[in-house]
Each structure stands twice: as C-alpha cells, then as structure tokens.
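As a plain string of letters, each chain reads:
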Amino acid sequence: MADLSVNFAGISSPNPFWLASGPLTNTGYQVMKAFDMGWGGAVWKTVGEPVINVSSRLAAIDYGGRRMMGLNNIELISDRPIDDNLREIAEVKRRFPHHAVIVSLMLASDPTLWSDMMRRVEDTGADGVELNFGCPHGMSERGMGSVVGQVPEYSQQITAYAKSGSSLPVIVKLTPNVTDVRMPARAAVAGGADALSLINTINSVMGLDVETWLPDPHVADRGSHGGYCGPAVKPIGLYMVSALANDRRVPVPLCGIGGIETWRDAVEYLLLGAGAVQVCTAAMHYGFRIIDDLTEGLNDYLDRKGLASVQDLVGKAKHRVGDWNDLRLSYSYKTVAEIHADQCIGCNLCFVACDDGGHQCIDRLPGQRAPVVRKDDCVGCNLCSLVCPVPGCIEMQDIDLGLVETWRQRQSRVGF
Amino acid sequence: MIPTDSTLRAFEEVVPPLTDREVHEEALRCYYCDDAPCIQGCPTGIDIPRFIRQIAQGDLAAASRTILDANIVGATCARICPTATLCEGACVRTRDSHPVAIGRLQRAAMDYAMQYVTGAPRLPRRQTQVTGKVAIVGGGPAGLAAAAELLRHGCHVDIYEAQAALGGLDTYGIVSFREPLAVSLWEGELIRSLGATVYLNTHVGTDVAWQTLKDQYDAVVTAVGLGKVPMIGIAGEDLLGVWDALDFIQQSKTDSYPQIAASSRVVVIGAGNTAIDAATCAKRLGAENVRILYRRGEQDMPAYDYEYSFAKQEGIVFEWWTQPVEIVGTTHVEAVRCQRTRPVEGPSKAVVMNDTPSWLMPADIIIRAIGQTKSDALWRLLDIQHQGAVPVVDPHTYETSCHGLYAVGDCLAPSAEATVVTAAAQGKQAARAIIARLEGHSITKQEG
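Those sequence lines, one after another, are chains A and B. For the record, in the first sequence the residue sitting at position 300 is 300 according to UniProt numbering, with numbers rising by one throughout. For the record, in the second sequence the residue sitting at position 141 is 141 according to UniProt numbering, with numbers rising by one throughout.
Because the hints were derived from the structure by calculation, they are not lab data. Hints should not be assumed to be uniformly reliable.
To be verified - To give an idea of the chain A side of the interface with chain B (calculated C-beta under 8 Å), a few residues:
(1) Gly65
(2) Ala108
(3) Tyr333
(4) Gly346
(5) Leu349
(6) Val352
Unchecked claim - Restraint-style ranges between C-beta atoms, simulated for each label pair:
(7) Glu25(B) / Arg369(A): 25 to 33 Å
(8) Glu25(B) / Leu386(A): 21 to 29 Å
(9) Leu365(A) / Gln250(B): 47 to 55 Å
(10) Ser97(B) / Asp303(A): 28 to 36 Å
(11) Gln250(B) / Gly367(A): 39 to 47 Å
(12) Lys349(B) / Arg369(A): 48 to 56 Å
(13) Arg222(A) / Glu25(B): 32 to 40 Å
Using N, Cα and C, we set each Cβ at its ideal position, and we do this for glycine too.
The following block holds chain B by itself, in its conformation from the complex (with noise of 0.2 Å):
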C-alpha cells in the first residue's frame, strides 16, 4: 500500500524529543553522582553521569561519544529500553525526587550525533590492538556491539546478515513510532564506519557454509536471533489475513504498509511487547478495532507498564483470561473462536480452558504474537552442546562447547523479556573474550 500522508504522520516517533531547554534543565537534575548506581543499572555501563555533565556543559557531540563507547547502538537503547528498571531505577533521585530522564537525555545526545556527526565517531582507541579475523553472523544489536568492540581493538570483522539492512529487530521488529527505522540504519552505519564488511541478505547455512566461517576465521559469533512467531496450533491459521507479527511490523517498516481498512476487526493473540507493537501499528494503520486476546490475566502480561499503558492510550481493547481456540473462515478470516481460561489452583503459572460456553469474537486479521520460534537444528548442525533450544554458553566469555564459536544475543533464549540492552552487552563481553584470547598471539601496543 502507498502511505497516505496520515498513515506517515501516524508513524512519526510517539514520544517527542526534549526541547534545548528542556534538556538543558533536565541535565542539571543529575547529581554526578561518583560510582553512580545508574553505570551499575546500565547492562553495557554506560558512563551516564559523565554523559549527563557533557550536555550540562553543552557538548552533545563528546556526550554521544561517551554513550557510543559503551554501547554502539545507545541511540536504539535510548528509545526502547526500559529504562524505568534499569539506569533510571537506579538513579539516587528517586529516592529524593524523581529519576532523572536519562534515557531521553541520551536520546538528544545520540539525535545530536544522527544529525551532526559525520563519518566514524572519534571513540577512545583501546589500548589493546591485536590481529584477527572474526565472523558476526547476524547484524542485530549483538552482532553489532561484537563487531564494534572488535573493530577497536583492530580486528578484522566480517558481519553476515540475512536480510537486507544491519539492525535485526531494531530495523525489522520494532514499530517505527516508537524507533524510525532511520535510528537502527543509521548504527548499521556507524558499523561500516568503524570498519567492519558487511555481507548483506547473506544467509550462512544456504549462501556460505558455517564450516567455511569456522575455518577461515579466528572465532565465530553467532547472534542469529530468534525464529518467527510459531503456529499457535489450531485450525484455520492458514487463512487469508493471518499474520505473524514480526512479519506484519516488518511490512510496516520496509516501503509497504500492511493494508487494513478502518473497519477491519484486528484480533491480536499474546501480550508481550512485540503483540502491542503490532496491536498499536495496526491501531495507526488505520482500524479502529483492534483487541488483544491473551489466556492470562492483567498481572501476568509480559509487555512492559508503559507499553500496556501506551496501548490502552491507543485504544486497544484487551480480553484478558481468553484463548483462541479456532480461527474461523472460508477463504479468508472471518472470526476467531475463544474460549474463556483460569488459573490452575497452586503456584504454577498454569491455565485450563473453562467448560462455559466458547464464542465467535468476529475478525479480519489475526496476528500472532505470542513468542519466537526456538529451535535446536542450528546447534545440533554445529555440534554444540545445548539444552533443549538454548546453546550452552560460558556465563562470562559466551563461548560455546565449540572452541570459538560464540553466542550471544536472543538466540540463547532467555528466559525474560529479552531486551536490546542485554544483547548490546553479551556481544561487548563475547567481543572481549576473543580479544583476550587474540591477544596471547597478537602485537599488543600501548596507547600513545
């Protein structure tokens, strides 16, 4: 579909950018606080407090250098990061005031950058300088804060991505009014300006052997990511208008909008981030009825609080304790049929259908949203040891079983919500592992 000028108004950025002012007096709230608890609450340690001083004092470009240093891709992170449990959690003035916006200061830092900044950032040389070769495959968040640290400490870094831009989610799995796809461009650039070659719409396995990668280079990091949404396994998910969520953002953010008429139902299955993300792309696409479906309650949602709050703002209606149970139609969605849920008595997180009663809750899109596929067959091809879907990894290097092959990022499946942050630091801290280990047979030269 061709955006009308209202669909491209309603995917601007959501949340404005602080004004000069506003960033100039919000930069004056930090208290510079020494061994400040936000580094500790920061997963790649950015130097927040000294970032925070760089604006105070009016220079933006040196303070998105100090955000860079630590974290290549701070301009994401300052806008999907949930900072209110990270860095602003931790920062001393809520306990006498309120946090300050540290995501939102580093926001302007990195916006100063985007515009002003041209060619590599000047990033503090590391000391340490050795020679090797490493293969990134996957050039989302992980891959691309491996590759930075790589680069700088002299590396020569080969980034395999599969699709045709650098950035994984940040580019294809985020909604652009909470990040413009510019943003995640734009650190994919900042990957080629420090250096690294970039194999796009690479696929390895299919367009380049892994063994080929474990051969010819010195290590191997794998950030490949998660699969796609699964099937939620019942009939009718093969109907015209059934989406998988991460394929229907990414329609959005590429050069085609999904086309959905304002009377279309939207009938969004999960309450995680990525089932607002859709719900509320959809909302902005134009329909006017969009509703989560998710089997448990308010309280288990998955989705951050300002995200659920971000949604109801939207006008997103959730049905809470529900669960599809068929998907209803000829050729094309017409209904999805839902069955009411509750608790399993105890402490298990458990759900059972209720014996009342299912319904036709009436629909033209479905879009499933309830997780990423994991799967073993990358490991079991590499013969690495792992349980279940997840590689098993040394909590520290992020080595595999497989002497230099690294992993990092989503792929290993975390737990909790995984986030861009996390990522960011577990390819920083791969990065480092191999650097330590080029070292034993590289020229080390000390900064000048």
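Bound-form chain A, shown alone (with noise of 0.2 Å):
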C-alpha cells in the first residue's frame, strides 16, 4: 500500500484528491459526506457577500454519445450568509480534523474587509484559504474574480490583504483567461501566497439551441458567458501547471484543477508538477463516490510503479514539458508510421486523413486492405496513428538520426 498521504502548503490530507469550489462543496452536508465517502480535502464553495443566483445555470457539450465532455456554469458564488458558512465550516473541521477544509474567498477590494475575513476563517478551524481570482462571470463584473486574476498588480495586493495578519496558508486559485498565466502566478507570489491553484474555469458560449436560437444555459430569453471545464480542459489546466511548475518565479506548491476525471488524469498532473488535485466536474456528474476509483487507482499505480508515496510523482515529468526551441529538429530525430497490416480492419481513415490533412505518404495498394505508408515521406505527425481506430494497429517509430540539434542549438551553431 503507497502512502496516499499529502502536504500541501502545510495543509495535510489524507489524499490528494481534493473537492474543488463549487456547487459541490456548497454546504456542511456536502462536504461531510464527501469526506465520509473518502476524499481528502475540500474548497468550500465561494464565501463572500452572499449574491442572488439565476435560473438556469448550467449547460454541457455532449460528444460522441457521451455526456459532458465539457461543462460550463453561470452561477455565482454562495448565496448563503457567511455567517451560515462559517459555522459549517466549524463543524466539519471539528468532526473530520484530518481532512483539508479551504475556504474559497471573494471579496471586494478593501484590506479590512479581507482582514476581518481572515480572522473569522480562522476561527471555524479551517486548514487555509482559497482566493478566488478565477470566477469569470457574474463577479468579475463587479470588480471580483477573473477581473482581479486578469490584472497582476490586483492579484498581488489582493494577496497581501489576505496574508497581511494571519498565519492560514494562502492559496491563489488562478484564471486561464489570460494570455501569459505566468504573470499573474509570479504576482500572487509576490503578494505573499503560499500556493496557487489552478486553472479555473474559461470563458465560454456553450452553444445556442438551433430551432429556438437561444443560448445554453439560458435564462429566460437571454444567456451570458459562463466558466468552461471538465474533461474537456484537461489539456489546458496540464499547460499552465506545467508552465508555473517550470518557472524558477513561481516556487511555491500548485494545485492542479481542470478535468480531472479518473486517476490517471491526477497522475498526469502530479507528475507536471501538481502536489494535489482537485476536482468538480467529475463528481458533479456522478457523485462523491468516484472517490473510490481515484484512491484505489492510484494506489495501485504506485504500487505497480514501484513508488512508496504520491510525493514520489510530484513534478516526476515536469522537464519533459518546455519550450520547442529545445526540441530536437526532424533532421536530428524522427518518427514514421508503420501500419500493421495483421491488424487492419480496412476503415481508410488514416489513408483519407493523410492525403486530405497529412502530407500524403499513406498509399493504398491495389487487392490489400491495408495502406501503406511512404515511410521518406512521412514527417511523423501521428495523424493517422490518432484517428485509427484500432489501438496499436498504426505504431509510430522511433528513428534517431544520430546528430542531436535543436533550434536553439542550429541557431548557435549557425551564428546567431
């Protein structure tokens, strides 16, 4: 058995897998029985002054008969009293004081205020706080949320408002609707933050109904931009921890938040760098109890691997992601397709997808099913490997051409 066991920033938890801010972790019931159930930690739902919410909120992007391969929400922080929230918070922390209990934050720009917070978080118990600088709608019209996350210098003051006068460890939750992520982290870190999180949700118009024209989610006659996630950010989220993860200005924990789904979504973040996970859409779709499946997966991972702790995995890849300029050119290093043939059941796709999207080095051979591929002229973009539908059937080569080079290195060598 690995040791699922987490330090996060001083914030200890049973496991990694942390609930992330929403509706998920909106009240005392909810949280408790996510703990009963397993999960190590949980970002309470936004505290702030509590707003007016609208009906309806949701919406998702199906895909391939599958549901929810995105989702996107307009609903805003809690719409409860702070004073109903922390006395939650109080007793959660009381009957589970293992587990993390973070308190998502949001609040206007005025040191007092965020003073005064501070305190009274720290009174429930609470294992740290959350700054919400990520929520895209609704707050960050009022001054809140992204709007401050979007703007270096107000994630740095902001933060310092937060620290200034208390010990709770500050975690930065960070918004990808930004061109650089890296500029907001580094400010957070300057103001004083113990640990940032992210990514939170993206700017998004989930689509709008054909027949009707209107928008999803609507609310009445009218939509309006939402925060985008599940599987579907995966990708992004694994960019921008990876980005932070890499920058020597951001040296503090991270934690890795966007479509996580399955265990080995979490290991994919924890080995970019990511010293806990959490997540929202997953556990929205089906319930607390696919906890069971992370834990139990990830523990086995380990086990295969081989690795005592979740530490051991922490930031493991995070060198194998970098800037392009270090990677090897075509001429230094290669790969080219080879269709097995035995394999093949005759779909064409990589045949059509090379010659359409490619670059036209898959020949079909006349009285064979299988095409096959002009391996000179194969660039090794995976094309084909990606839309055949049979795994293993399209292998993509390994072809080391002896001299390493990258661009950074021709561009020295050449006299740059």
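Hints are included, so try docking the two chains, each in its own frame, into the full complex.
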C-alpha cells in the first residue's frame, strides 16, 4: 500500500483528492458526505457577500454519445449568508480534523474586509483559504473574480491583504483567461501566496439551440458567457500547471484543477508538478462515490510503479514539457508511421486523413486491405495513428538520426 | 376471412424499429470509413457511411435521400436484404467488434421518410438529362428502380403492371410481418411522384401488345419476374387445400386472410425463403401444427440463416430428407404420403428415394413452395436469344438480343437466391445503359 497522504503548503490531507470549490461544496452536508466517502479535502464554495443567483445555470457539451465532455456554469459564489457558511465549516472541521478544509474567498478590494474575514476563517479551524481570482462570470463584472486575476497588480495587492495579519496558508486560484498565466502567478507569489491552484473555468458560450436560437444555458430569453470546465479542459490545465512548475519565479506548490475524472488524469497533473488536485465536474456528474476509483487507482498505480508515496510523483515529468526551441529538429530525430497490416480492419481513415490533412504519404495498394506508409515521405505527424480506430495498429516508430540538434543549438551553430 | 385483432397483431412487423436512442448510439458506432467496404457490399452502392453520419447528426430526411438516391426501394431493402452477406458482412467492424446494424439504421431513415416526407423526395438531379420514352413491363423492384433512374434523367416512363398495385413480390410475395404492405405501396407512390405514368391491371401481351410497346417507345424494359409455383408432379395436387405459396402469401397481404383453423395441420413443401414465409404465415394465421418438408438436409436449405432461426422460433417443424410422393384425400387434402430420401454418393446435389416404406403424414393444408416457374414462352414470342428459360443479356447493359429491349430482375432466373437489391441494381444499370444510348440524340444540360 502506497502512502496517499499529502502535505500541501502546510495543509495535510489523507489523499491528494480535494473537491474543488463549486456547487458540490456549498454546504456542510455535502462536504461531510464527501469526507465520509473518502475525499481528502474540500475547497468550500466561495464565501462572500451572499449573492442572488439566476436560473438556469449549467450547460454541457456532449460528444460521441457521451454526456458532459465539457460543462459550463453561470452560477455565482455562495448565495448563503457568511455566518451560515462559517458555522458549517467549523462543524465540518470539528468532525473531520484530519481532512483538508479550505475556504474559498471573494471579497471587494478593501484591506479591512480581508483582515476581518481572515480572522473569522481562522476561528473556524479551517486549514487555509483559496482566493477566488478566477471566476469569469458575474462577479467579474462587479470588480471581483477574474478581473482581479487578469491584472497582476490587483492579484498581488489582494493576496497581500489576505496575508497580512493571518498565518493561514493562502492559495491563490488563477484564471486561465489570460495570455500568459505566469504573470498573475508571479504577482500572487510576490503578494505572499503560499500556493497556487489552477485552472479556474474558461470563458465560454456553450452553444445555441439551433431550433430556438437560444443560448445554453439561458435565463429566460438571454444567456451569458460562463465558466467552462470538465474533461475537455484538461489539456489547458495541464499546460498551465506545467508552465508554472517550470517557472523559477513561481517557487510555490501548485494544486492542479481542470478535467480530472480518473486517477490517470490526476497522475498526469501530479507528474507535471501539482502537489494535490481538485475535482469538480466529475463528482458533479457521477457523485462523490468516484473517490474510491481515484484512490484505489492511484494506489495500484504507485504500487505497480514501485513508488512509496504520492510525493514520489510530484513534478517528476515537468522537465519533459518545455520550450519548442529545445526539441530536436526533424533532421535530428523523427518518427514514422508503420501500419501493422495484420491488425488493419480496412477503414481507410488513415489514408484519407493523411491525403487530405496530412502529408500525402499513405498509399492504398490494389487488392490489399491495409494502406502502406511511404516512410521516406512521412513527417511523423501522428495524424494517422490518431484517427486509426484500432489501438496499436498504427505504430509511430522512433528514428534517431544520430546528430542531436535543437533549434536553439542550430541557431548558435549557425551564429545567430 | 375477416381478420381478428389477434391476427392483425400477428401480422405486425416482427422486427421492431430501433428506438431513437438506439438509432443514435448505433449510428455513432460507424467509423465513417473512406471508400467504405460496405458500399462495395451493397449491389446498389448506397453511400452507407454518409447516410449513417446524417443520422448521427440528426438529419434523417437527408439520410433517406442518400439511400433513395442509390436505391429507390431502400425501404424494402432495409427490411429484407440479407445484410449479413452484403453491407454488414463487409463492415470493418466485423473485425474489431460486430458490424454496424446498417439495415436497421436504413430502416430508421426510411421510416422517417415514410412518416414525414411528403411529395417527391428532393433527390439530387442527374446531370445528364435526356428526352425519350421508355416502357417498363412489371412494377416490381427491378422495374421501379429502372423507372426511378430514367425519370431522374428526364425520360418519360410508362409502367405496365398486371397486378392492382405496384411493388411486385415486395407487395405480393413477402409476408407483412416481415415487410408491411404500406412499405412497398409507399415505394410505388414514390415512383409516381417522380413522374411515372402507371397502368395497373394491365397485362402486356393480352391488354397491350408487345409489338405496340416496341413500336411506340425508345426502349422497353421487361421486369416481369417469374411465374407461379410449379406443380410438384404428384397425384392429388388438385385437391382442395393445396396452395401455391405465393397465392397464399398474396392473400394474406390483401384484404382476405386465408382461413386456417387452429386444428389445421399445415405441410409446406420446400425450404426456401418463400417456404419459410408461407409456413410462418400459416402459423400466425392460427395453425398449431406446421411442418416443412425438404428433400435435402439442413445444410442444403436455400433459406437464409435468419429465416431458418425465425421459423424455428415460431415453432415450425422441419422434416429433412423427406419427399412428398402423393397427396391423399377425396375432395380435400387429408394427408401427404412421404418417402425418405438420401444424397447420391459423389459431388452432385442429387437425391434418391430410399427403399424404406413410405408413410402418411396427416395434413389439412399443403403449400407448395418449390420455387417459381421459369418459361421461355415470352422470349420465344419476342424472338429473343435465350438459354433454356433465361434470356441472354449483355452483362453490363442488360440489353437482350433484341435492340432496345432490356431484361432485368427475377426473370433472368438467377441460379442463386434472387434478392430485391440485386433486381434494383439491375434495373438501375439497364436504365443507365438506356440513358447513355438516348444521350446520343438528346439535349445534354449541365446542372447549374
């Protein structure tokens, strides 16, 4: 049995799986139920001056018969009084002293408000706070949420408000709705953030009903952009986590968020540098019960890999993702496709994909089911292997051409 | 007989339509192959991946047009094609899972069209437009397919049909629990909506002279099918209670269901698809005891596997290696005298009767289902080159030795089991040959 416990920025948790701040952490009932079922921590739904919400709130994009590949939400922060939330947080912490209870906060830009709130959170016994600088809808129009996260100076200032006069770990939750996530991240660190969590949801319009021309979701006859999340956003989350994990000016723990549904997703975030992960859409989709598969799967994986603890994964592959300029150029290293004829079912999807959207290097031969790759012309783009419906049928084979040269090395060689 | 509610229920289509949900899920199983093998597997070359993708995208009307574009009797084919040996047999997913249920998806699209599409379907216009007059003799699937293709190329088409409705065997020879009558009648209406002039109850040769057609039309397509079920050639076939299987099925599809008492013992002679249809039809009309007699063994049976399975599920009893030698009765059938057979040693399929004693199998109804009569009478009349009862046709154009006279469909008496889809493909091919010929002296317009 591997050790699944983590210590994230001084916050200990029996496992690295936390519920992300959202509709699923709105009440003590939900968080206690989740802890009973095995979740390691929870970030309480953002507490602030209670808001009035709208209805309806969620919409999803389905793909290939599967529901909710992506989810979008226009619900705002908690619509419950601050007192009620804090009382329930205190109760949860009393009953689950070893679980991580983080309070997500969003307040106006006023140092007194912040210091007052930090004291009240400390009184609950909560393990830390997460500053919601990411919510892209509703609150941002009121000067909070992602408008803070999008302006590094604001991020730094408000982080500093939260840090002053409190010893609670402060996690800053970043918005992905920026051109370079390193800038607000560095600003939060400069403001004193103990850790960062990312990504918050992405600006999105989920779709229109082509019959009624109404957006999804819609409130009466109008819609608004909302926060996009779910399995579809994982690649964006992975990119941003890796960008920060490799940024020397962001020397704080990272909590990975975005499209985590299975233990494999979590392992990817951990390997790229996340010290813990947060899950929202998957638990909203299938319920808290998915935690068993997450912990069991992660444990089996660690055992299989001969690793003793989650910590042995954190950041272990972060150096594998970096600057394009450090990739070996194609005269140095390439891959070529090999179609294994014995596995080919004859759909010709590789052929048409290569011919129309690739580099025209797959041929069909008369009387033969399996198309054939002209290896000399193959640039190793992977497209054929991606469209092939048979796992393993198209193999991308490594060809090391001896010379090791990246763009950066080439430029210095030719004297730029 | 006036059908009871239970008879009507028994004659509802056996294979249920897929639910909307099932249709969607099944459509998503299609890989949308490029140059898909399933298209090669369809004699009419329906663009199957395309229509399935249209279904997956929720445009069933477009899917039905894709089907009808290639096969105007697509609604019939969706029900009775031996898909396991055609499109679905060629589906790449036979190799990694199980084939996409192409037939049932096609039916979903065609059911939609039958229910919701009114008037002529908006089929893509054929680029080549010709002027010409073509007579089609026989309004079965081969004739309808030829008609559709000719009409879409601008031809004037007159269809001469001896029966009271279009559809041929689709209308009269397939039991309605496999293909409801409404399906083939709808296909007939489609042809009318495309512009065909239809002369029903008109038998060419008696009501209209063949020579008149040859004189008045640029081309004549004979799609006359085959004849009645032949006599077995044993005593007692004229007794009351002896049926021709096609007459039996035809009666079940028109207003008067054949009357069969529950106590009736029905014996069907032959083991092709029509025999199965007749046997299951008798069963559903109420007969508790239905037997199929076949002079060869189970593995030689010409009926499709799924037909055989269906018959067994329906409780039909099979008597293999059994030959009827006499039908016994005074005015009405009472029994059939049977004799065991055995295969002749060697590669031939011939059988001989055993020397063992014959026995009497009690029967109230005998249904002959030993194929259809082939005759050379018409070919001789038309002075067409023929081999036996089969006219000689060009394998590409289906033109006979008589210039401008084409022959398609079951009247070509294929040695293998005749299928609707093959007949439709032949009709289409003959039509294209006619168009190519007419093109020589017609205006050709390019589609804008």
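Here is what the structure says about each hint:
1. Interface hint at glycine 65(A): satisfied, since its Cβ lies 5 Å from the closest Cβ of chain B, which is below the 8 Å cut-off.
2. Violation of the interface hint for alanine 108(A) is found here, the shortest Cβ-Cβ separation to chain B being roughly 47 Å, above the 8 Å cut-off.
3. Below 8 Å, beta-carbon pairs count as interface contacts, and tyrosine 333(A) has none with chain B, the closest being about 31 Å; its hint is therefore violated.
4. Using the Cβ-Cβ criterion of 8 Å, the hint placing glycine 346(A) at the interface with chain B is satisfied: the shortest such distance is roughly 5 Å.
5. The interface hint given for leucine 349(A) is met, as the beta carbon of that residue sits about 6 Å from the closest beta carbon of chain B, less than 8 Å.
6. The interface hint given for valine 352(A) holds, since its Cβ lies 4 Å from the closest Cβ of chain B, which is under the 8 Å cut-off.
7. Evaluation of the 25 to 33 Å hint for glutamate 25(B) and arginine 369(A) yields a pass: the beta carbon distance comes to about 27 Å.
8. A hinted range of 21 to 29 Å holds for the C-beta pair glutamate 25(B) and leucine 386(A), which are about 23 Å apart.
9. Under the hint 47 to 55 Å, the C-beta atoms of leucine 365(A) and glutamine 250(B), about 51 Å apart, fit the expected range.
10. Separation of serine 97(B) from aspartate 303(A) is about 32 Å and conforms to the stated range, judged on CB atoms against 28 to 36 Å.
11. Between glutamine 250(B) and glycine 367(A) the beta carbon distance is about 46 Å. The supplied range of 39 to 47 Å therefore holds.
12. Evaluation of the 48 to 56 Å hint for lysine 349(B) and arginine 369(A) yields a failure: the beta carbon distance comes to about 34 Å.
13. For arginine 222(A) and glutamate 25(B), the Cβ-Cβ distance of about 34 Å falls inside the hinted range of 32 to 40 Å, so the restraint holds.
Consistency note: the structure conflicts with the earlier hints numbered 2, 3, 12.
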